[in-house]
Amino acid sequence: MSQARLSPGIVPGRLTAEELAANFADVAPPLDRHEAQVAADRCYFCHDAPCITACPTAIDIPLFIRQIATGTPDAAAMTIFHANILGGMCARVCPTETLCEGACVRMESEGDPVRIGALQRHATDGLMAQGGHPFRRAAPTGKRIAVVGAGPAGLSCAHRLAAKGHEVVVFDRRDKPGGLNEYGIASYKTVNGFAQAEVDWLMAIGGITIETGKALGRDLTLQALQDRFDAVFLGIGLGAVNALRAEGEDYRNVRDAIDFIAELRQAEDRSALPIGRDVVVIGGGMTAVDAAVQARLLGAENVTMVYRRDRAQMGASQHEQDHAASKGVRIITGAAPVAVIGNDGAAEAVQFAYTAVSDGQVHLTGNGFRLKADQVFKAIGQRLGGPPDRLQLTKTGKIAVTASGRTSIAGVWAGGDCAAGGDDLTVTAVAEGRDAAEDIDAHLTGRTPEIPG
Amino acid sequence: MADLRSDFVGIRSPNPFWLASAPPTDKEYNVRRAFQAGWGGVVWKTLGGEGPPVVNVNGPRYGAIHGPDRRLLGLNNIELITDRPLEVNLREIKTVKRDYPDRALVISLMVPCDEDSWRRILSQIEDTGADGVELNFGCPHGMSERGMGSAVGQVPEYIEMVTRWVKQYSRMPCIVKLTPNVTDVRKPAEAAKRGGADAVSLINTINSITSVDLDLFAPQPTIDGKGAHGGYCGPAVKPIALNMVAEIARHAATRGLPISGIGGITTWRDAAEFMALGAGNVQVCTAAMTYGFKVVQEMISGLRDYLDSHEMALPDLIGRAVPNVTDWNQLNLNYVTKAVIDQDACIKCGRCYAACEDTSHQAIAMKPGRVFEVIEEDCVACNLCVDVCPVEDCITMRELAPGELDLRTGLRRGGYANWTSHPNNPMAKAAE
Chain A
43 MSQARLSPGI VPGRLTAEEL AANFADVAPP LDRHEAQVAA DRCYFCHDAP
93 CITACPTAID IPLFIRQIAT GTPDAAAMTI FHANILGGMC ARVCPTETLC
143 EGACVRMESE GDPVRIGALQ RHATDGLMAQ GGHPFRRAAP TGKRIAVVGA
193 GPAGLSCAHR LAAKGHEVVV FDRRDKPGGL NEYGIASYKT VNGFAQAEVD
243 WLMAIGGITI ETGKALGRDL TLQALQDRFD AVFLGIGLGA VNALRAEGED
293 YRNVRDAIDF IAELRQAEDR SALPIGRDVV VIGGGMTAVD AAVQARLLGA
343 ENVTMVYRRD RAQMGASQHE QDHAASKGVR IITGAAPVAV IGNDGAAEAV
393 QFAYTAVSDG QVHLTGNGFR LKADQVFKAI GQRLGGPPDR LQLTKTGKIA
443 VTASGRTSIA GVWAGGDCAA GGDDLTVTAV AEGRDAAEDI DAHLTGRTPE
493 IPG
Chain B
92 MADLRSDFVG IRSPNPFWLA SAPPTDKEYN VRRAFQAGWG GVVWKTLGGE
142 GPPVVNVNGP RYGAIHGPDR RLLGLNNIEL ITDRPLEVNL REIKTVKRDY
192 PDRALVISLM VPCDEDSWRR ILSQIEDTGA DGVELNFGCP HGMSERGMGS
242 AVGQVPEYIE MVTRWVKQYS RMPCIVKLTP NVTDVRKPAE AAKRGGADAV
292 SLINTINSIT SVDLDLFAPQ PTIDGKGAHG GYCGPAVKPI ALNMVAEIAR
342 HAATRGLPIS GIGGITTWRD AAEFMALGAG NVQVCTAAMT YGFKVVQEMI
392 SGLRDYLDSH EMALPDLIGR AVPNVTDWNQ LNLNYVTKAV IDQDACIKCG
442 RCYAACEDTS HQAIAMKPGR VFEVIEEDCV ACNLCVDVCP VEDCITMREL
492 APGELDLRTG LRRGGYANWT SHPNNPMAKA AE
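Chains as they are written, first to last, in my numbering: chain A, 43 to 495; chain B, 92 to 523.
Each hint should be verified, as a subset may be incorrect.
What the hints assert, rightly or not - If you want a taste of the chain A side facing chain B, the calculated C-beta under 10 Å gives, among others:
hint, residue
1, His76
2, Tyr86
3, His89
4, Asp90
5, Arg148
What the hints assert, rightly or not - Which residues of chain B face chain A? A partial, calculated answer using Cβ under 7 Å:
hint, residue
6, Pro159
7, Arg162
8, Tyr426
9, Ile438
Please keep in mind that the hints were generated in silico from the structure rather than gathered at the bench.
From a predicted model like this one, the values you see are computed outputs, not experimental measurements.
All C-beta atoms in this analysis are idealised placements derived from N, C-alpha and C, irrespective of residue type, glycine included.
Can you build the whole structure from these sequences, using the hints too?
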């Protein structure tokens with residue numbers, strides 16, 4: 043047993059290298075050819091299939107599954123990529139149980155959907171592993187477009203624009219492109235540097251330049267981009283994290299879950315990553331689950347996720363909740379933090395109050411409990427950080443856009459988490475980036491948009 | 092519990108399930124295992140005459156058609172008759188029969204089409220103790236190029252001639268195995284009967300090319316870049332076999348001629364269907380080659396359960412469906428049904444809609460919420476929706492009651508009337 047395993051406080055090396063390697067292995071290993079055949083055979087090739095409707099990018103799922111079943115997985119991959127250029131990542135991170143697989147008619151007949159996500163990964167991995175790039179660019183248009191944010195929305199937009207013959211410059215505030223694919227997703231969902239490999243593969247279409255370390259509002263202004271480019275797409279995500287608004291939030295061992303996840307993703311040696319023994323994660327979304335599960339995987343003894351509403355309202359899907367539970371994460375719902383209790387600048391516990399909901403509002407009750415904590419992660423949602431002043435926002439604080447992503451400023455489009463509408467999902471961001479690209483192209487060239495689905 | 096003991100043209104076996112003449116019955120080792128597993132009888136793999144044994148290819152002998160999850164639906168073979176010396180086969184047949192006197196052991200034969208060859212082979216097998224002979228006039232590949240197998244089976248005169256020789260030179264029951272590679276299977280059956288056959292067995296395999304290798308551009312199975320047609324069998328051929336059995340069972344000139352049913356029998360239900368269409372017993376090969384000899388145990392228990400649940404004895408089943416096999420012109424044109432979709436069972440896949448809308452009569456409506464409903468005014472009761480629906484019994488056919496209005500034709504359902512008296516039939520005779 044590793045010496046540090048049960049040490050109090052935030053320490054590295056709670057687990058052995060072997061344990062860490064096993065814990066952070068691919069959470070859903072890819073299907074081999076035979077498994078894919080068996081899984082593909084279960085698809086009924088539905089008419090006007092509900093799975094297509096349920097997919098934000100409207101991938102023609104029955105068609106790609108039939109292409110796998112008939113021994114042409116590369117054709118299947120092309121069906122996917124035509125609708126969703128980040129089909130590889132979506133196959134790994136989509137909450138399929140609430141999207142395509144949740145809509146699968148097999149749910150109705152036997153409660154067991156066709157494994158659409160796994161089949162999508164089988165097809166896309168196979169094609170991507172062959173190297174090269176399967177799309178060719180249209181003739182150059184001479185138009186230049188700025189894409190701000192190299193996350194799923196920005197990459198999807200950039201690829202579609204490049205395919206149509208435009209020149210695209212993508213700016214990103216971080217050191218690496220990928221956005222949340224690179225910084226915001228649990229390591230075990232996208233192993234072996236897949237996010238960067240996917241960006242490299244996508245970039246191979248040509249016509250896209252990425253400039254990292256360039257943040258809007260710091261290094262770039264919207265006006266300057268508008269002056270230099272024919273159109274601007276904003277896929278800047280949600281850069282700010284919501285505050286707990288509870289006493290003691292500033293203790294040094296209270297941090298944003300999203301930063302912990304990013305640090306973990308970038309870590310070269312997980313045994314050097316410090317983690318608490320008693321970890322409390324506040325929040326109920328995918329980020330909370332990713333932080334909680336990975337805290338356990340790093341060796342935290344007790345990890346508790348606390349969410350203020352009931353289980354059905356958690357942002358994390360049932361699959362994610364089950365995954366967390368299977369990794370030993372305790373999930374408490376209907377409780378909110380009232381104070382972080384600490385000593386000498388460090389949290390030692392979190393005081394929670396049980397909540398009651400009336401008229402849709404969450405109220406604290408007089409009852410509560412205290413959880414021991416030597417590390418606290420906040421995962422109660424992100425918000426748009428410092429949007430350009432001139433942009434009209436919605437009541438929820440996101441950039442107001444039309445269905446095709448047009449903002450209140452002519453020549454500026456937006457999509458992904460920063461824009462209003464749709465769920466804050468990778469796949470939704472891909473769809474919005476793609477559709478905005480089609481609209482930008484139509485706007486600049488007069489061509490007709492091609493939107494799948 | 093139903094008694095499955097079978098007496099087929101005087102050949103007794105503890106159940107009606109025999110292994111057909113094929114690789115599973117090529118030698119003592121396999122046949123003993125088959126008997127241990129419970130098979131009622133075997134037809135020993137076809138013996139040829141004395142002399143140098145036949146040779147087989149040394150590449151693949153089989154090709155297959157698969158369904159989902161590689162379920163084997165059809166099997167093609169280019170194997171020839173036994174390639175083991177005659178005396179070895181004869182010795183083994185004798186030993187096995189001695190050890191299993193209660194099981195049926197029939198010898199399949201194929202020798203050149205001359206009287207001498209047949210007289211000779213019959214004398215050679217006489218003291219093996221075998222219960223009967225089956226004349227292989229069916230194999231469509233290899234041996235047929237040498238004037239044997241289906242080359243005989245396709246010429247009724249030859250069938251009659253050889254059958255006559257066999258009945259002349261042997262006291263054993265004689266079963267003539269028919270090839271399906273003919274236009275009208277009743278003709279060879281008639282010939283067998285004229286020649287004195289005690290029974291016919293059918294079907295042998297169907298001429299086939301399983302598939303084509305799209306890189307080598309060669310038929311499969313491929314032998315050094317080339318392929319020859321083989322014989323097709325397995326579940327895929329069952330409908331063809333059932334029809335041929337029924338044709339012989341109901342044909343005036345062959346009615347009553349005992350039939351050993353063969354062709355894709357995989358389960359007890361398949362066997363029961365063959366028997367209902369007139370087969371006195373059944374022979375199985377592909378199911379055993381796919382799953383091993385143990386499958387007979389399901390066939391035995393299944394047939395027994397079926398007979399018990401229907402309070403039938405085995406002989407009650409044989410031929411019971413034959414009177415209901417008729418010609419199209421005898422079908423009741425006033426029988427009207429309409430598709431009904433059970434909305435509770437429907438999983439909303441829309442396959443019925445796609446099939447009906449794209450390829451049939453546009454008689455299913457797709458309503459908001461993926462609700463699929465039959466439009467009775469347009470439904471011709473073709474049954475395609477039933478056939479493509481993935482949920483068993485979700486779509487059924489409702490029979491209109493006599494007098495009920497058919498919304499499609501505007502006519503009320505009448506009594507029995509068939510094409511022979513239909514006004515649109517130029518040859519119509521007045522209804523009797």
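Hint check:
no., hint, in the structure
1, His76, "holds, 9 Å"
2, Tyr86, "holds, 5 Å"
3, His89, "holds, 3 Å"
4, Asp90, "holds, 6 Å"
5, Arg148, "holds, 7 Å"
6, Pro159, "holds, 4 Å"
7, Arg162, "violated, 9 Å"
8, Tyr426, "violated, 30 Å"
9, Ile438, "holds, 4 Å"
Hint violations for this structure: numbers 7, 8, all remaining hints satisfied.
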